[in-house]
Amino acid sequence: MNRRRREALAAYAFLSPWMIGFLVFMAIPMIASLVLSFTDYDALRSPTAVGWANYRQLLEDPAVGKSMVNTLVYALMSVPATMAVSLALASLLSRAGRRSAGFFRTVFYLPEITPKVAVGVLFLILFNGQAGLVNAALGLVGIDGPQWSTDPVWVKPGLVLMHLWSVGSTVVIYLAALRGVPTELYEAAELDGASAWQRFRRITVPMISGALFFTLIVQTIAALQSFDEAYTAFYGSAASATYSSDAALFYLIYLFQQAFEFLHLGYASAMAWLLFLVILAITLVQVRLSRRFVYYEGGTR
1 MNRRRREALA AYAFLSPWMI GFLVFMAIPM IASLVLSFTD YDALRSPTAV GWANYRQLLE
61 DPAVGKSMVN TLVYALMSVP ATMAVSLALA SLLSRAGRRS AGFFRTVFYL PEITPKVAVG
121 VLFLILFNGQ AGLVNAALGL VGIDGPQWST DPVWVKPGLV LMHLWSVGST VVIYLAALRG
181 VPTELYEAAE LDGASAWQRF RRITVPMISG ALFFTLIVQT IAALQSFDEA YTAFYGSAAS
241 ATYSSDAALF YLIYLFQQAF EFLHLGYASA MAWLLFLVIL AITLVQVRLS RRFVYYEGGT
301 R
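Residue numbering for the sequence shown follows UniProt numbering, beginning at 1 and increasing consecutively.
Source of the hints: derived by calculation from the structure; they are not laboratory data. We treat Cβ as the ideally placed atom computed from N, Cα and C, and that holds for glycine. Treat the hints loosely; a few may be bogus.
Said to hold, decoys possible - For each label pair, taking beta carbons as the anchor points, the in silico distance ranges come out as:
| id | residue 1 | residue 2 | range |
| --- | --- | --- | --- |
| 1 | Leu140 | Gly193 | 37 to 45 Å |
| 2 | Ala32 | Lys116 | 24 to 32 Å |
| 3 | Thr114 | Gln286 | 23 to 31 Å |
| 4 | Gly65 | Ala32 | 46 to 54 Å |
| 5 | Pro80 | Leu263 | 34 to 42 Å |
| 6 | Arg291 | Thr106 | 33 to 41 Å |
| 7 | Ser94 | Ala32 | 45 to 53 Å |
| 8 | Tyr186 | Leu110 | 25 to 33 Å |
| 9 | Met26 | Leu140 | 47 to 55 Å |
| 10 | Tyr186 | Gly129 | 26 to 34 Å |
| 11 | Leu277 | Asp228 | 21 to 29 Å |
Could you build the full structure based on these sequences and the hints that come with them?
Here you go:
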């Protein structure tokens, strides 16, 4: 028992930094925001209890619905594109030599450590409809590029393309998963006359479905919490003076405005909990559907 007690104490000692961080920076703020969501609070005066008024206002505020739709549309565009591009790049890297693969893996991952604010500024430079590098490149092949930063139809596709700049972490995950697929399966399938597409569909995808499922959840949650690039590009001090459309008004941007521009902290807390419930519901649906498609070594779960 003394040995078990010592091992337990050692385990708790190693876990304590995470546990303390979780309590201080996650659990306690979440409980505080839940309490504040039932109050009228502006950080200047003491909170005043208002019951369910903030949540009823969420149903009546048209900007909440608009920002949520913008966020969901962006997620539906961004997540599949990120996964497809990452898988294509990882497939190319898996065929490269060990030294060259290491070099390109580093190159692909470097944009991940680029500040998101810098990416937002870069968006305005590259996707400028008049003098942007993207439209200049399209003009070389005879394509008249759209107004990425001012046309509401092209704002979200432009942000998706900009997001593909930083897919390095997903590429690394897929590359590790691809290298874990037994080569014997490909050799046996090739001997049976399976085409490259059949090998990819029947072997590669099922064997890396766990990694695909993980990145699906992570990328969905990240897309639903999109903020930095869009806010910097369209709602920063310089951009807000010229941009008037709501096409880039994502849910987290509107939450930020309510909390820190209008000081409606109680209402912003209610918005945060609504987003939490939406993310929870979508994640539960994804987990439920994954039981039919995700393959584990013990079989499909």
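Cross-check of the supplied hints:
Between leucine 140 and glycine 193 the Cβ separation comes to about 43 Å, which falls inside the hinted range of 37 to 45 Å. About 26 Å separates the C-beta atoms of alanine 32 and lysine 116, a value consistent with the hinted range of 24 to 32 Å. A hinted range of 23 to 31 Å for the beta carbons of threonine 114 and glutamine 286 is consistent with their spacing of about 28 Å. At about 27 Å, the CB distance of glycine 65 to alanine 32 disagrees with the hint of 46 to 54 Å.
The hinted window of 34 to 42 Å between proline 80 and leucine 263 holds, with their beta carbons roughly 38 Å apart. Range check, arginine 291 to threonine 106: Cβ separation about 36 Å, and the 33 to 41 Å hint holds. Here the CB-CB span from serine 94 to alanine 32 is close to 46 Å, well matched to the stated 45 to 53 Å. At roughly 31 Å, the beta-carbon separation of tyrosine 186 and leucine 110 lies within the given 25 to 33 Å, and the hint holds.
A hinted range of 47 to 55 Å for the beta carbons of methionine 26 and leucine 140 is consistent with their spacing of about 49 Å. The given range of 26 to 34 Å is broken by tyrosine 186 and glycine 129, whose C-beta atoms sit roughly 46 Å from each other. Judged by the Cβ atoms, the range 21 to 29 Å given for leucine 277 and aspartate 228 holds: they are separated by roughly 23 Å.
Checked against the numbered hints given earlier, the structure breaks hints 4 and 10 and satisfies all the rest.
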